[in-house]
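Asker: Use these hints to put chain X onto chain B, whose structure you have.
Number of protein chains: 2
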Amino acid sequence: MKSLAVNPRGPKPKPGVREHLIQIGLEIVHAEGYSASGIQSIVEAAEIPKGSFYNHFASKEAFGAELTDAYSDCGLRKLRDFLCDVNVSPIKRLEAYFDDRIEAVRGKKYMRGCLLGNLSAEVADHSTLIRGRLVEHLGEWSRSFEDCIAEAQKQGAIQNRLPARVLGRFVLNSWEGALLRMRVEQSDTPLREFKKVIFGSLLV
Amino acid sequence: MKSLAVNPRGPKPKPGVREHLIQIGLEIVHAEGYSASGIQSIVEAAEIPKGSFYNHFASKEAFGAELTDAYSDCGLRKLRDFLCDVNVSPIKRLEAYFDDRIEAVRGKKYMRGCLLGNLSAEVADHSTLIRGRLVEHLGEWSRSFEDCIAEAQKQGAIQNRLPARVLGRFVLNSWEGALLRMRVEQSDTPLREFKKVIFGSLLV
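Going down the list, the sequences are from chains B and X.
The numbers in the first sequence follow the working numbering, run straight up by one, and end at 635.
The numbers in the second sequence follow the working numbering, run straight up by one, and end at 635.
Okay, chain B solo, but in the shape it has when bound:
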């Protein structure tokens, strides 16, 4: 509680500390899982007093919800960089995105998968707050895929006539499933198989 003791005006949240806690929290929760990550270990790794944590976040659950937002927003920016490239056909944009993601795990010591998928498995049942954020964010991801697929259908670039909404949600859910299998096998084979099936049989 040192930082509070030396501040005569009482505790005031520092924006830098909040961002720092989120970055450290993302690393620890992604590596250890949500239940296994104590606030104590997060504040120790962040080198801030525990009281400071509660100046920024009402609870571990509120912190978990913010981690969900931060992780999703960062990933969505990357996805949209690929999907906004109008010099490339819609399906090639999607393919380039997944190639990039597969390249990103190559040679990693630990293949941790997607934090949204991991929290879906571990936390969705136990936190209405975090579950709500997951619904919202996975919805945004699905809609990005959906828009790209709808554009390809409109151009006649793919023949598959299932609703783009169903295909977009399926592509995201299947990718999350492939990431789970990747974690188990500690190999990128499930991701490469995903690409082969999605772009060889489904979005054709």
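Please keep in mind that the hints were generated in silico from the structure rather than gathered at the bench.
Check before you lean on any hint, since a few could be wrong.
Note: identical chains are not told apart, hence a pair may lie in one copy or across any two.
Unchecked claim - Straight line, CA to CA, 27 Å or less: simulated DSSO-like cross-link-like pairs of lysine-lysine:
#	residue 1	residue 2
1	Lys-585	Lys-509
2	Lys-627	Lys-523
3	Lys-481	Lys-491
4	Lys-523	Lys-626
5	Lys-509	Lys-481
6	Lys-585	Lys-491
Answerer: Chain X alone, transformed into the frame defined by chain B:
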């Protein structure tokens, strides 16, 4: 430790207790997650002394590995009941299996998904023992799907010529992904979308 104190021959594992612990463990770990399930809560729910637990299982990790085995074996028996029905075409057998699984979650208060998928997300990184069991069991599940798909390809019942091994693994991984999304949305929509895509666009 009462049961040990009244047993002059010292602790001896009782097969009924072992089976009972596995059943209780399956319920608790499936509901709460692996990290959040303490051995204390499991022995309390099972109404056995804690010492008894360690007569049967060397550690929580060893117990987790046995839960993985028990869950997978039970599910595989159900899967094989469907896939062995030679009165039905291979693809219709697969479809009937997934219909049965979708029916099984209908009206459930909590949609918990698949324990193998949940452990893949939560534990795979942290236990070589449990990860090994997951590799093995998910491999058995994939091979069951693969055999069925290979039979359909051989009969000319489906035109998809991607390797049955790749399709079998993809079907399992995508199902696990759909179950994750089901947990988040607490709705069977992702499972019904999975069926629509797999049997409407992929295994055709």
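Asker: If a hint holds in the structure, say so; if it doesn't, say that too.
Answerer: Status of each hint after checking the structure:
1. Lys-585 with Lys-509: within (24 Å within a copy, 42 Å between copies)
2. Lys-627 with Lys-523: both (13 Å within a copy, 24 Å between copies)
3. Lys-481 with Lys-491: Classified as within: same-chain Cα gap 12 Å, cross-chain 30 Å, threshold 27 Å.
4. Lys-523 with Lys-626: both (12 Å within a copy, 26 Å between copies)
5. Lys-509 with Lys-481: neither (33 Å within a copy, 50 Å between copies)
6. Lys-585 with Lys-491: Neither way: Lys-585 and Lys-491 sit 45 Å apart in one copy and 54 Å across, limit 27 Å.
Hints 5 and 6 from the list above are not met by this structure, while the remaining hints are.
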